[in-house]
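4 protein chains.
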Amino acid sequence: MAKEVKTIGVLTSGGDAPGMNAAIRAVVRQAITKGLEVKGIKRGYAGLLQEEIIDMHAQDVSDIIQRGGTILQTARCMDFTTPEGQQKGAEICKKHGIDGVVVIGGDGSFKGAQKLAEHGINTIGLPGTIDLDIASTEYTIGFDTAVNTAMEAIDKVRDTSTSHERCSIIEVMGRGAGYIALWCGIANGAEDILLPEKYNYDEQMIVNHIIENRKRGKKHHIIINAEGIGHSTSMAKRIEAATGVETRATILGHMQRGGSPTCKDRVYASTMGAKAVDLLLEGKTNRVVGYRHGEFVDFDIDEALAMQKGIPEYQWEICRNLSK
Amino acid sequence: MAKEVKTIGVLTSGGDAPGMNAAIRAVVRQAITKGLEVKGIKRGYAGLLQEEIIDMHAQDVSDIIQRGGTILQTARCMDFTTPEGQQKGAEICKKHGIDGVVVIGGDGSFKGAQKLAEHGINTIGLPGTIDLDIASTEYTIGFDTAVNTAMEAIDKVRDTSTSHERCSIIEVMGRGAGYIALWCGIANGAEDILLPEKYNYDEQMIVNHIIENRKRGKKHHIIINAEGIGHSTSMAKRIEAATGVETRATILGHMQRGGSPTCKDRVYASTMGAKAVDLLLEGKTNRVVGYRHGEFVDFDIDEALAMQKGIPEYQWEICRNLSK
Amino acid sequence: MAKEVKTIGVLTSGGDAPGMNAAIRAVVRQAITKGLEVKGIKRGYAGLLQEEIIDMHAQDVSDIIQRGGTILQTARCMDFTTPEGQQKGAEICKKHGIDGVVVIGGDGSFKGAQKLAEHGINTIGLPGTIDLDIASTEYTIGFDTAVNTAMEAIDKVRDTSTSHERCSIIEVMGRGAGYIALWCGIANGAEDILLPEKYNYDEQMIVNHIIENRKRGKKHHIIINAEGIGHSTSMAKRIEAATGVETRATILGHMQRGGSPTCKDRVYASTMGAKAVDLLLEGKTNRVVGYRHGEFVDFDIDEALAMQKGIPEYQWEICRNLSK
Amino acid sequence: MAKEVKTIGVLTSGGDAPGMNAAIRAVVRQAITKGLEVKGIKRGYAGLLQEEIIDMHAQDVSDIIQRGGTILQTARCMDFTTPEGQQKGAEICKKHGIDGVVVIGGDGSFKGAQKLAEHGINTIGLPGTIDLDIASTEYTIGFDTAVNTAMEAIDKVRDTSTSHERCSIIEVMGRGAGYIALWCGIANGAEDILLPEKYNYDEQMIVNHIIENRKRGKKHHIIINAEGIGHSTSMAKRIEAATGVETRATILGHMQRGGSPTCKDRVYASTMGAKAVDLLLEGKTNRVVGYRHGEFVDFDIDEALAMQKGIPEYQWEICRNLSK
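Protein chains in written order, with full-length UniProt numbering: chain A, 1 to 324; chain B, 1 to 324; chain C, 1 to 324; chain D, 1 to 324.
Calculated from the structure, these hints are not laboratory results.
One or more hints might be untrue.
Any copy, or any two copies together, can satisfy a pair, since identical chains are not distinguished.
[Stated by the list, open to error] Pairs of lysine to any residue, SDA-like flavour, derived with a Cα cap of 25 Å:
id, residue 1, residue 2
1, K219, E52
2, K42, I64
3, K309, E240
4, K309, E138
5, K284, H231
6, K111, N321
7, K94, H231
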């Protein structure tokens, strides 16, 4: 029989992402609407182990839906990767009367949620990461904002690249997953994109491409580089040496993690937050919420963590067709 | 046997929407990549009837992906609603060697495409409207940008409403479809939303809601009004009179139609533009491209025009739960 | 001998303006750095009369410099326009140990500050209004943000006006002072601007201008209308009837009052806030801070209120030259 | 007797800056209004020497006021630093009937204008640089946009720094002049700023500052670093090692050069462009336009190049007071 949940906790874990506050707000307000009590667990699993637990009321999440970051903060926690840490975490939940927890984060955070579930705490994961690198969902909280932030920055770089007839390498986030690079590649009309999923980095090919385009009268050459594919600054120097075309690198860095969330991130994060509460009310545990095939759905965490996803081939193809 | 297409035309019709330029660029570049010739038809069906037809090369669509509006312009055209006009349009296509046309617009524009198809011109429609009011697709070109524009404007109104403890009515676009209002309702945490699909406008209920919230200490009251549900300015006067709370109306108007498209609008419009060309190459006609259940798909225009869609009930429900 | 000030109050009064929070933060932090205590007076003079007075510490103004609105809120107050109200206000200051007050607002708010000064409370005014309509200063807190907000909205309207070959009337704020309209007139390349300072509104002249421009091939006609010069919606109808050119009105309204302040508004508001504290420390009273001839200066309030300023003629002239 | 000018040229030189297009548009339109002919000289002095000279009409500068970069492009030109190059440049001007030139750029570009003037071409310089590092003017075209771009990026970095309780180093432009760093220092409430003008970089002092702030409960530590003051990435590693606080570097790079200009940049660049034409009409030569003490003024180029300016001491002081 499903356990009845009366008090739930909510935490954010791993890298922060715009829209996490919208999700927190939705968890708190949906829970209160449905008659539950809510506790905020600060700084992810680290704060759980240190009992940084606060009561949350409807007004505590006023005026946060439009804010970047996470009001609950986040942190890494090595202690929670040990069986002792996990057990202690579950005991602290029980001590505070928390019988359900909503964990907002990425795959690593979901593994923590799995462990809490094994120790009898009902857990629901929400996909929160700017990288879109969670296989069980087509949407993750923060990706839409991050990709717009990167795109707007690259639009600006492009203005000056065109004025100076320069080659620009822009390094975007996504060490293991090139979605930000792919989307910006299409949206910014980049001449070249370097993705971890399509790793066949051939500098000579890029050099040839720049030289050909220059002959055809193209006034700029934009290269979008997912972090991790080589080192943008030294790449710029080598490309300039080989082509004779002035080449500069920009590393967008952590600005991609912040900023007021886009409408999609606010709406989807809110929907997912409400759904997490509804799943807890149905007695569900060890589940993650996702968005697939046009619907908000949920999966067993074990099943979700075993899924794989790749770069959509059609978009990869048109990305190259359209920048000609 | 499918007709082989060698030269295609592209036009934008109906109200303009951000991302139309990205779609035009994709049609032009994908077609050229695949060995086709491309003609731009200016000012929609009106320009077709007046033979405002220009050659389009890859460089003609350089540096437009980030621009609002449509470089091909758009116009209303009563003449094309008549059988004579439709036949003349098809003849002009043939005269210019155009054997396939991509029409970017809404349901009304698709009806025109249907007629061209009946007269032997292969046609593919792309959904372009900020209102999201096309039943055959979950995505329309321009909605994502428009809803972010509206949301950012409402964020600003909210700042000042809070400072003055004021009630604000913001009128957004969407005469027949309340998607912009619903999304902003969630994303801006609006206290009340008035949608055409949920038309049970009861001013007394809103008045009571304002008075209750004021007692509970809420410092502002945001009402989002889809255009067509009453008249915002006079509504503001009546609500102020009934509640004693200072109430102001803002009408966002046409600014929602413009602006540089968001990343999603650029990427999806580009993908749809490329797909339209691929469908023409496969010999398809009388089809519209859509996005459904997580995939880019296509439907027969007749079938698409017969579809219905409504406001998602779960989001309507949580919109009210979360603004408490 | 100058009175020594130990505890200061800060309030915002009149219409709110972006940058007021930056000014509040500067007052609080500069005062604490210099060894003073600070009290926040909520909701302007209304809150003063109701003793809504709170202690303010350095951390109370953390994370507000980037926020629109005013954390101290603002309100109209008829009671403070009476001698009884003014005396009561001064007594409440004394009761709370407040011997100096920084008033952030417009000319009306400065008149209140004058009265407090007469009753022995040292007062310094800071110019806070989006309208730039304070004669003693070339800069007012909020104008720079408001004019950028209006300009960005008009850029978007222009995209769609061009696509539809439409005439657009955009109503911006500034009932008595046309600075927002003038700046946007130049910055948006508007074809016509209607200002209260240059009131010779001749609709026939505008109609002729539209017709001439249409003949010369101009694809849009942007009219910027300072609120108060006629009624934009009915003007649109008359112009459409007279020219045959589709004409639409947009009323930007209160969104111009909100939003995160620009860099200039944050830097100048911060500098003025610090300077207000330094003036109080020097024993000054009945002064307003201004920015003139490239410097932050201060004037006697009586002198400041007697000043006049007009629209800069050179910019009015080039505005018309450059839109040709 | 002043030479009568009939045909003027306009060029942009050095690093590009947002607002240069507004200045070009103003030069072209003001000149045409006053009965002059206008030629665009592409790619600065390099394009002059290669006779890349085009006719410019009023409609050639339509729809560019809102665009970043420069439609005339810009380039470095070593040849023009030689007497032979300078003489050849003047001869090319004469050959094309150009008797006056408006040069938009920085001090280096003004030196070129000086040489053209010596060879009998009337020249007027307009200050165009994002760095504000021209001593004869309080305003340079592009600074206002660049500083807002940097500030908005740092706002986003701050969101995530707060969520992770991290130290962030943000490198902004300004190798020889720290104005962007100083303004962002105030506007973003940075805990530390490193400026070339205040060079007493003491890493131990920063380390101590971080440790003290951490004890006082500050959740983030933002360091703004003008490019050239050390190497941000290695600085981050050393600071993390010394403090134990996670520290990350972001290098904003060329995005600060692009983007749609702010209202101030559009209005001031337009005014300066018009004024340059008026000065040529008055027969002036070897002058630069500036903005000083609240007015648009002009100086002899030799005099302007000899001026010095420094960081405003009061703002430097309050920058440190207010971040406490």
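Each hint tested on the structure:
no., hint, result
1, K219 - E52, "between (55 Å within a copy, 15 Å between copies)"
2, K42 - I64, "both (16 Å within a copy, 22 Å between copies)"
3, K309 - E240, "neither (36 Å within a copy, 35 Å between copies)"
4, K309 - E138, "both (9 Å within a copy, 22 Å between copies)"
5, K284 - H231, "neither (45 Å within a copy, 46 Å between copies)"
6, K111 - N321, "neither (40 Å within a copy, 30 Å between copies)"
7, K94 - H231, "neither (47 Å within a copy, 49 Å between copies)"
In summary, the numbered hints that this structure violates are 3, 5, 6 and 7.
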